[in-house]
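Q: Now for the letters of each chain:
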Amino acid sequence: MRWSMLGAWIAGTATVLASIIPAFSGVNEPVAIHHLDHSGLILGGVVTASLAYSVSAQDGSNATGAWLASAILAPIAIMLLMWPSMYEYLDARPWLHAAEHVSLAGLGFVAAYSGQRYARGVGVAIGILTIAMAAVSAGGYGIVAP
Amino acid sequence: MQALTARDLDRARSVMWTYVSTGLAIFGLMAFVGLAMRLEQAGWLSYGPDIFYALMTLHGAGMIVAIAIASMGGLWYLMSLEAPLDEGIAYWAYALMVVGVIGVLVSVLGGHFGAAWTFLYPLPFVGTWWPSWATGAFLIGMAFIMIGWTLWCAQMLACVLTRYGGFRGALAWELVFHAREFEASGKKPPPPQAFAALVAAVDGLLTGTLGMVLGIALIVHWLDPSVRLDPLWAKNLTYFFGHSLANLTIYMAVAGVYVAMPRYTRREYHTSAALAVAWWATLIFVATAYFHHLYMDFVQFPAFQYVGEAASYLAAIPTAVITVYGSLMLVYRSQMRWSLGSLFIYAGLIGWIVGGFGALLDATIPFNIDLHNTLWVPGHFHTYLLEGVVLFVLGWVFMMLEERSATISPVIVRWLVGIGIFGGGALFLLGFYISGADGVPRRYATQPAPGPELSAWASIGAVILLVGLTIALVEGIRLAAVGRRRTT
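Going down the list, the sequences are from chains A and B. If you want the numbering used here, it's the 1-based position in the first sequence plus 115. Counting along the second sequence from 1, when you hit position 53 you're at 50 in the numbering used here, and nothing is skipped either side.
Just chain A, same shape as in the assembly (with noise of 0.2 Å):
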């Protein structure tokens, strides 16, 4: 449990500065690259995520429908976030791109963990997806093949 919790911690704050850093020292790159990025960067709140749960070992008795819903909603906010003409503007105001790349993380966390209060096994999946969604994105979200 105490390793958990540790792993728990220094996944969140590993994720919060991947996401800061990169925001700061300047990003020129491709859409697709910068897709990439962000769902690394999913990745990081979805083992926080992980790991939280099972600090709480939440044993999915009190499973609402709330949970369920938060999980479900929070990748499709995502998804709105990585709107790819707002990279641009975001580049430009690295406190704002900071913010978006810690909200894509921290909802990222919110999809695993609430999948998971729901019931066990699910947020992992859903966090898994949520990665995938990223990930994919870079394939052709604002992207077109030479």
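Don't read these hints as lab results, they were simulated from the structure. Warning: the hint list may mix true and false statements.
[Claimed, not checked] Derived, one-sided and incomplete: chain A residues facing chain B with beta-carbon distance under 10 Å: (1) A178; (2) G180; (3) A186; (4) P190; (5) M194; (6) M197; (7) P199; (8) I241; (9) M248; (10) A249; (11) S252; (12) G255; (13) Y256; (14) I258.
In this text, a Cβ means the ideal position worked out from N, Cα and C, and glycines have one as well.
Starting from the structure of chain A, add chain B where the hints point.
A: Only chain B this time, still in chain A's reference frame:
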């Protein structure tokens, strides 16, 4: 396992009937829309291509949602008998899907949106004759349908994971790899219908997720045309979503077969290691067969084409060997009573095999060169949806009605329904197959010969089919009334 109270059972039945009756009602309306399309192609009606493509879009979206909703209701009810399910979530999922259907209706009837239900990029945005708001209404409507579908799938996943002890338990891992220990432990594997729920949930979440990626990308493009999408990427997501959703409707409905067949034959449909492995295979092949829709896309990575062909073939094995052959073995020498319910289910198995065979031919690359995007394609999917999924749903409905009323339909009604649905259905479907084999393209308001002539014959078949369905509806209402009198 927690026993259901009478109140819980009533609530579960209410959810089921809400889903099933809505699904069948939309199906009935969309059948008339389909008839109107065939009459236009036959030249017996003349309302013009613009209306035709709008109706085609409505028919496709409406039918797939109708059949999905009806199948979801049946499976939800069966799983609620296994573990308590929150009906509030089921009603939310239902409401979201109904809102989505209203969005699609507004888009098509009000705005004449006509880019087909698959809304393949860039069709919704290029060369349009409908207003931009109609595109938005359609895409937002489909997004609502996907959210409702995802909610339902997540609830199903939670149900199977909590009821059977995580993925290992739900997959019957111990039964397959440690059979002796598993049997000695006295544990019971999940019932067959739970595998249908697991596959629907997992592949459904995958479908909903990737469908949502595409849906949001299209909505963003609609709002901000500067955001371009890669057409091949969009096509992969479109057909992953569309093919898998259509495919899952039958795997959801088959849960009813697993429960109804044993009741009719008074034999058990037990879970074996072979059944478990067959459903594992289905889990994979439902998600990988869609590549066969992209054979003509020469820029697609070639290995995917072979994956598509192999998965299409392999998907047939669990279906034919386990579910269909297993069901036939239940029927063999069981002295099953041929009521409307059992007839529908038995005929549904035949429809599944015939439609599946048509699909396999089309998924074979050398045949696909000739059959791709001809009327053969709607031929095969109309067979397994109309004479497969719909018959499974009707079989389930009639089994419930027959049990409640403690009676079955008279012989004359069974014959009339049979001639209508199977006879009329066969004539209707042959129109597609023969036209497709002769190279008549699909999704065309005006067809080359022999399209119009065969469309005329198909229209006659569709009318006979609708008469049969109407007789079945009247008979269903009669059985429901008898059941109500009997239980009050």
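Q: Give a verdict on every hint.
A: Status of each hint after checking the structure:
{"no.": "1", "hint": "A178", "result": "holds, 7 Å"}
{"no.": "2", "hint": "G180", "result": "holds, 5 Å"}
{"no.": "3", "hint": "A186", "result": "holds, 7 Å"}
{"no.": "4", "hint": "P190", "result": "holds, 7 Å"}
{"no.": "5", "hint": "M194", "result": "holds, 4 Å"}
{"no.": "6", "hint": "M197", "result": "holds, 9 Å"}
{"no.": "7", "hint": "P199", "result": "holds, 5 Å"}
{"no.": "8", "hint": "I241", "result": "holds, 7 Å"}
{"no.": "9", "hint": "M248", "result": "holds, 5 Å"}
{"no.": "10", "hint": "A249", "result": "holds, 9 Å"}
{"no.": "11", "hint": "S252", "result": "holds, 6 Å"}
{"no.": "12", "hint": "G255", "result": "holds, 3 Å"}
{"no.": "13", "hint": "Y256", "result": "holds, 5 Å"}
{"no.": "14", "hint": "I258", "result": "holds, 6 Å"}
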